Amino acid sequence: MSNFWNDPNAIIVLLGTVLLSMGAAVVGNFTFLRKRALVGDAVAHSVLPGICVAFLISGSKDPIWLMLGAVIAGWISLLVMDFIIRKTRLKADTATGLVLSVFFGLGIFMLTSIQHSGNASQTGLDKFLFGNAASMMERDVYIFAGTAVILLILTLVFYRPFRLVSFNREFAESIGMPVWFYEFLLSTMTVLAVASGIQAVGVVLMAALLITPAAAGRYWTDKLPIMMLLSALFAGISAWGGTWVSFAVPSMPTGPWIIMFLSIIAITSILIAPQRGIVARNRLRRRNESKILRENILKTFYYLGQANRDFKIPRTAQDLLEIRGFSVKELQLGLRLESKIGNLVRNGNGWALSDEGLAESFRIVRLHRLWEMYLNKRLHLKPDHVHQGAEAIEHVITPELEKLLEEELGHPTLDPHQSEIPYLP
Amino acid sequence: MKKEEKIALEAHNLTVSYGARPVLWDVDFELPEKKLIGVIGPNGSGKTTLLKTIMGLIEPLSGYVEIYNQNMDDVRNRVSYVPQRESVDWDFPASVLDVVMMGRYTKSGLFGRAGKDDRKMAMNALEQVGMAGFSNRQISKLSGGQQQRVFLARSLAQQADFYLMDEPFAGVDAASERAILDILTGMRDKGKTLLIVHHDLHTAAEFFDYIILLNTRLVAAGPTSEVLTTENLQLAYGAQLTVLSQVADLVKEKDFPVREKGLKDRQQ
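Those sequence lines, one after another, are chains A and B. Sequential numbering from 12 applies to the first sequence in the numbering used here. Sequential numbering from 2 applies to the second sequence in the numbering used here.
Extracted from the complex, chain A is given alone in its bound form:
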């Protein structure tokens, strides 16, 4: 794409789409946090009849007129949704779906009529469905990008009240904050964000640009300012990619490409984000499973040595399997891991507890029996009902909780089955 960078119009359009995508994404954070994603989608679809009416009245594709039509239609859709929820027995989800389909259907009907009317200036009106950045004129870009800049400034100025209204509306009202004003402002900004994106992204996919960046950003951070920055970054990168494709293949609509790039970022976030991501959560689950397996093996060493009070006798895998149903494969894995840590020592055909391993096995059996005691004394479970619960909980109890347990139970020495609660001498 050597000529891309030499085309001043292309650069302007590129900067414009990047900016308006960032504006929509930043405003979208509050749409996302107020759980109004579907409402955003309904508004985005509902601006289509507004665009058509604006074209019919003005007879031009001047973006000022089209945006005006879009904003008015967007607001009407919000009011209609609100009216349906308040005045009928229909619930919010039904109202949203109803408004989306009726308004969008009306828009498609009008669009088709206009296209068959033989009006020469109508060509390209269908670009508003899926967007076509490459067809944007310099003046269009300035108007849409200018709107985005206004949205960004408004978000910065009203950041704190917006956050409070999104988090705890009732509290905001209780301190006398003009909540209706901030909600009106947020709704207007959402409609404006949608209206500014129509030519680049199109009405069908605009809601994705509003919501997806914030949803992806949420995966990486617990801080709202960083989440907003990330969402702007994600939207900007995607807009860049989508616009570039639009210039490379002019017949290709821009919206789907922007959303493709955005979806890749979102799916990546859902997968690999630390803590919240699926990969991180799976890793944590596997780590837990490994801990449970290894602790169960050490515990089995304790049980085997319990009768003769000689815990350090070497045991073979067969010995262990006789009193606990491990699968052979996981047992071997667990034994290998524990000897690597140093809790077990290889000894001829079998393994024996090291000093550290001995302390560990005592600790786990102790937690098991303390928890059985607790279930018996505090939850009044019968002694023959406490074992299974303790099998799971023994692995999660921290040293702090262990201390609490001991104190609350008065440092017991025997569990509900009259077995010793073991402490190292």
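Hint data in this document are derived by calculation from the structure and do not stem from the laboratory. Just so you know, not all the hints are guaranteed correct.
[Said to hold, decoys possible] Under 7 Å between C-beta atoms, here's a sample of chain A residues computed to sit facing chain B:
1. 175
2. 178
3. 181
4. 182
5. 186
Only a predicted model underlies this, so the values are computations on that prediction, with no experimental measurement involved. We put the beta carbon where it would ideally sit given N, CA and C, even for glycine.
Given chain A, work out where chain B should sit, using these hints.
Then chain B, alone, in the frame of chain A:
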């Protein structure tokens, strides 16, 4: 009411409906100041609605509320409201300090910009509820009791005179319950008035000086020992007012007004 006790709040003939069904009928009471006051009643008896109506979050069909003999809007900066813990999404991206700082909005500048003093007061409030070490903690990583304490700290940071709290003891462990009660009684001893919605009848006698017993209508209001009588409890929890409940259902079904228009209940 004794002469030296000033009235902190007067609720006059409040009738409120939620959706179409009336949930409070002609509730009328006065509250003395500098007391720890409990709002007690069975589920669905209108406790939360009463608090919201007092705060002006719900418009009553009839009646009015005065705090310190004034309209709520004129005394808002002296009143603090703690909504139910479940009323917010605790997965919201905010830290403990962020939430407590929300209590300083009224006092700080136009767009809620906070100053150094505000931050100090917020930290001070966190210290009072024993959460100073958690100021940077993400709110989704708090236990139920800790969430309640964060809400309490936000309320303390408001530095009000009159506090309305909706179930501050819900979902907390015994230790937190004790800690929260100590904070509330401490506030009362400093001359604050507290109106607390509480669901546990057994602890109510121990917690509160003064009690409003509610079940859609006001059953009783007064000092704890006078209100918590077997007879009153029977009235609130036992016998259903079958006719009242059927009338309420009918009002909802027929979409009938509970109050006729043009009837002014406030003589000024």
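What are the numbers of the hints that this structure violates, sorted from low to high? As far as the earlier hints go, not one is violated by this structure.
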